[in-house]
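Listed below, chain by chain, are the residues.
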Amino acid sequence: MSDLAIELRGIDKSFGPVHANKNINLSVSKGTIHGIIGENGAGKSTLMSILYGFYQADEGKILVNGEEITIRDPNVAIAAGIGMVHQHFMLVDNFTVLENVMLGAEENAILNRGIVNARAELKRLEDEYALEVDPDAVIEELPVGLQQRVEILKALYRGAEILILDEPTGVLTPAEADHLFRILEQLRDQGKTIILITHKLREIMAITDEVSVMRRGEMVATRKTSETNVEELAELMVGRRVLLRVEKGPSNPSDVKLSVDGLTVRDNRGVVMVDDVSLEVRAGEIVGIAGVAGNGQSELLQAITGIRQAEKGTVLLAGQPIDVTGDADPQDLRKRGLAHVPEDRHHMGLVLSFEENENAILGYHYDEEYLNGPMLKLDAVRSHAAQSAEKYDIRPPDVRLKTANFSGGNQQKIVLAREMERDPAVLVIGQPTRGVDVGAIEFIHKRIIEMRDAGKAVLLVSVELDEIRSLSDRILVMFAGRVVGERTPEATEGELGLLMAGVEEGQEAAQ
Amino acid sequence: MSVPYAKLPLWVEYGLIPLINLVVAFLVAGLVVLIVGESPIKAATLLVQGAFGYGEGLGFTLYYATNFIFTGLAVAVAFHCGLFNIGGEGQAYIGGLGVAFACLALDGIFPWFLTFPVAVLAAAMFGAAWAFIPGYLQAKRGSHVVITTIMFNFIASSLMVYMLVEVVKPLGSMAPQTRTFLEGGQLPRLDWLLSIFGLDIGGAPFNLSFILALVAAFLVWLLIWRTRLGYEIRTMGASPTAARYAGIKEARIIIITMLISGALAGMMALNPIMGDQHRLQLDFVTGAGFVGIAVALMGRSHPVGIIPAAILFGMLYQGGAEIAFEMPQISRDMITIIQGLVILFAGALEHMFRPAITTFFATLGGAGKQSEATAAGE
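In the order they appear, the protein sequences are chains A and B. Numbering-wise, numbering that gives the first Met the number 0 puts 197 at position 198 of the first sequence, and it's gapless, one number per residue. Numbering-wise, numbering that gives the first Met the number 0 puts 15 at position 16 of the second sequence, and it's gapless, one number per residue.
Hint data in this document are derived by calculation from the structure and do not stem from the laboratory. We put the beta carbon where it would ideally sit given N, CA and C, even for glycine. Hints may contain errors.
Computed list of lysine-lysine pairs in BS3-like fashion (alpha-carbon distance at most 27 angstroms, straight line) [to be verified]: (1) A:Lys311 - B:Lys139; (2) B:Lys248 - A:Lys311; (3) A:Lys334 - B:Lys248; (4) A:Lys401 - B:Lys248; (5) B:Lys139 - A:Lys376; (6) A:Lys223 - A:Lys60; (7) A:Lys334 - A:Lys376.
Some chain A residues well away from chain B (every beta-carbon gap over 12 angstroms; in silico) [said to hold, decoys possible]: (8) Glu6; (9) Val91; (10) Glu98; (11) Glu160; (12) Gly325; (13) Gln330; (14) Arg333; (15) Met374; (16) Leu375; (17) Val380.
Examples of chain B residues lying across from chain A (beta carbon under 10 angstroms, computed) [stated by the list, open to error]: (18) Thr226; (19) Leu228; (20) Tyr230; (21) Gly246; (22) Pro327; (23) Arg331; (24) Thr335; (25) Gly339.
With the hints as extra help, turn the sequences into a complete structure.
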């Protein structure tokens, strides 16, 4: 028996002209946690998809426990003892935990005996790995951290010895992430092998034994975690030295530009998502809203920017009311100096099937500058787009290219260029660096600070706590639709983490 | 995990793929002909000969194509807004009422070239009005246009029977149709256009509406790709959330798009009524509204694709009639099957050959060329 759980030799994979994996070699020792880190588009997910049988490699060999196998589809991978926990959970929301764990691994068409066996097996797994979940709980009623635990149980139930986790902490609070890491350590100590895919350097340092770095489809380095550091890994990922800390001077806040009072917003199902929220943003400051995704941040942004109707409350933009409970018009708000970088650039901030220049005017297409009566002035649109592309270093600088063909970072720059170049009084930004590579993150952060220094009022929403802490001048924490606390950026991660998890101020003091 | 994107050359996207779909459709159709016991090659020859081989055949082909250009454009405009207007049939039918009113009122007073613009306007307005109701219901009440436009086809059908039997039929006539229009309500034929190529149009009703259809195609192109309204329509169709973000009034755009779509469908009525029969009859649309869906699909909702697609279907109609005439084994219904196959392969199975072709061109094109420009799907 080999002491390597996984060995990849010369894996090569292209999608058309995109060379996603170039001659990848990777060795993962048994009973270790092996991190794979790289920017978006570096080829991490492609590599794991090959290992799990979603794709076939064009070339190369896969050895599992020293034996070469051909993984034609996920069933082969599962049979070989490989389990995968996807970034987006593959659970049936209205099934119970037990039903989800059994799904696809039922013993026969009639479930009665299978259920009894599955329940016993689930109990055994729970005891062995301290993974407590109520087997009869319905998935949609479980918090995200527990849903993820069900995903892990699913893999273990199918006899996984090797677990692949794809960006597992993206949806978790810091406390939940810590809990996950303890589970992973325990699994390792009992002999399981874990491959952790992430773009977060700190997670790699916190939990892995070894780390491999990918860049542009190549495996550029493998290090023992104890022998490397964050700076080296970041440099390996990007291929140049990166400024990890944001340089920013003290803020100089003046007049209140955006004022929200008693805002209550329901989502499409009628659930109260924003509950009596009040906040103020002054010119020349960045107010960050921290919180785990789904605690009302999205609805708050949408209500302020006139995209979603609020139930009650008032919002003042530079002292003038916005009709948030009526039909506030995003076009009108833009004219009044409210710029909005939406959280979801794929569905809201951009039309991916459009040419780049068409997206460069989205929302500003009513502007006289681009119009000649009812006709669009294509020349004006394209030259405007070309200027923005140059100023924001949008690559490739081809304004006729379809927007879907730009990388995440460049797509985000298209949105930022459009919203920032208008010299708005208030800038509302959601998830500025989601799915954006490290190099572009640096650029985007710099721009946001520049906006602040130019006297703009910036309201920033992000689920990346690091981002909130490094950019904000004041931090508000949202939990279950309410603002549960305000902190300075000096607040510790633990303190913010508790607030994000809904621990009230009083309880916090008691702890 | 997004699917990695590989861009196809334009001539492949708009030329080769439709062509391959078409060839496969004809191969399968050939099989059907073979099963019936006729020679597929002879049938194909008859089809092409009948549609393009002589002046009168070509005249008929283009006459049918005119119908399909209008209805194809109607479907395409709605497509760009993300709306599936199945109601072209009904909108064209009601459009016919507009044409008939204009012609009945003016044919004795004005020459055709003065009646024509009024008839165009009336056809467009009647068609638009019929599309307005489903558009309004979609925009304001969320009733799906697919359902409502289908239902409105039936309502149009009943309404037209009532109108023809009870209202516009001349007193004492036994047939449910209007009186025949006078000179002032008849469009000139385009015999001169074919005679340039030395072809004799014979009895084919190829008329001025064809030119109007081409003008409409150009105007649709201008609308969709060169105007602010078109930009808003396309944004709405590609991403309703992005449209809302951009401050585009959803309800307004849906209603306007349906009005334009309905107007285009309504204008189809000019061709048979003012250009051919010179009176309003029952069921003059004969499925052109539905063929328009296939034409728009095949033409990729672009006027430049819609015109050849419309001519293709015109060929199937005209050439099909010739086959049915020459080959007694092959009935009219068989022709419908062949048309159905073309719709199946061009529309429904549009993506069947795409993955293979994409892979082929990707390996052919080499890796380096576009990798910079293309974001790797992770």
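The hints, checked one at a time:
Annotation: proposed proximity of A:Lys311 to B:Lys139 holds, straight-line Cα distance about 23 angstroms (limit 27 angstroms). At roughly 23 angstroms between alpha-carbon atoms, B:Lys248 and A:Lys311 fall within 27 angstroms of each other, so this suggested pair holds. Of the pairs offered as hints, the one joining A:Lys334 and B:Lys248 holds, with about 16 angstroms between alpha carbons and a cut-off of 27 angstroms not exceeded. Under the criterion of a C-alpha separation no larger than 27 angstroms, the hint pairing A:Lys401 with B:Lys248 is consistent with the structure, at around 25 angstroms.
As the CA atoms of B:Lys139 and A:Lys376 are separated by approximately 32 angstroms, the hinted pair breaks the 27 angstroms bound. Between the alpha carbons of A:Lys223 and A:Lys60 the distance comes to roughly 24 angstroms, so the proposed pair stays at or under 27 angstroms and holds. Of the pairs offered as hints, the one joining A:Lys334 and A:Lys376 holds, with about 20 angstroms between alpha carbons and a cut-off of 27 angstroms not exceeded. With 12 angstroms as the threshold on Cβ separation, the claim that A:Glu6 sits away from chain B holds: the shortest Cβ distance comes to roughly 23 angstroms.
The Cβ of A:Val91 sits about 20 angstroms from the closest Cβ of chain B, beyond the 12 angstroms cut-off, so the non-interface label holds. No Cβ of chain B comes within 12 angstroms of the Cβ of A:Glu98; the nearest lies about 25 angstroms off, and the non-interface call holds. Interface exclusion of A:Glu160 from chain B stands, the closest Cβ pair being 24 angstroms apart, more than 12 angstroms. Listed as a non-interface residue, A:Gly325 keeps its Cβ farther than 12 angstroms from every Cβ of chain B; the least gap is roughly 14 angstroms.
Distance check on A:Gln330: its Cβ comes as close as 3 angstroms (rounded) to a Cβ of chain B, failing to clear the 12 angstroms threshold; non-interface status is violated. Some Cβ of chain B comes within 12 angstroms of the Cβ of A:Arg333; the nearest lies about 7 angstroms off, and the non-interface call is violated. A cut-off of 12 angstroms between C-beta atoms contradicts the statement that A:Met374 is not in contact with chain B; the least separation is 5 angstroms. The Cβ of A:Leu375 sits about 6 angstroms from the closest Cβ of chain B, inside the 12 angstroms cut-off, so the non-interface label is violated.
Taking the minimum C-beta to C-beta distance to chain B, about 9 angstroms, the non-interface status of A:Val380 is violated against the 12 angstroms cut. Using the Cβ-Cβ criterion of 10 angstroms, the hint placing B:Thr226 at the interface with chain A is satisfied: the shortest such distance is roughly 5 angstroms. Annotation: B:Leu228 was flagged as interfacial toward chain A, and the flag holds, the nearest CB pair being 6 angstroms apart, inside 10 angstroms. Because the smallest distance between the Cβ of B:Tyr230 and any Cβ of chain A comes to about 6 angstroms, under 10 angstroms, the interface hint for this residue holds.
Taking 10 angstroms as the C-beta contact cut-off toward chain A, the hint placing B:Gly246 at the interface holds, the least distance being around 3 angstroms. About 49 angstroms separates the beta-carbon of B:Pro327 from the nearest beta-carbon of chain A, more than 10 angstroms, and the hint is not met. With its C-beta approaching chain A no nearer than about 41 angstroms, B:Arg331 sits outside the 10 angstroms limit, and its interface hint is violated. Hint on B:Thr335 is violated. Least Cβ distance to chain A is approximately 35 angstroms, over the 10 angstroms limit.
Of the supplied interface hints, the one on B:Gly339 is violated, with its beta-carbon coming no nearer than about 30 angstroms to a beta-carbon of chain A, more than 10 angstroms.
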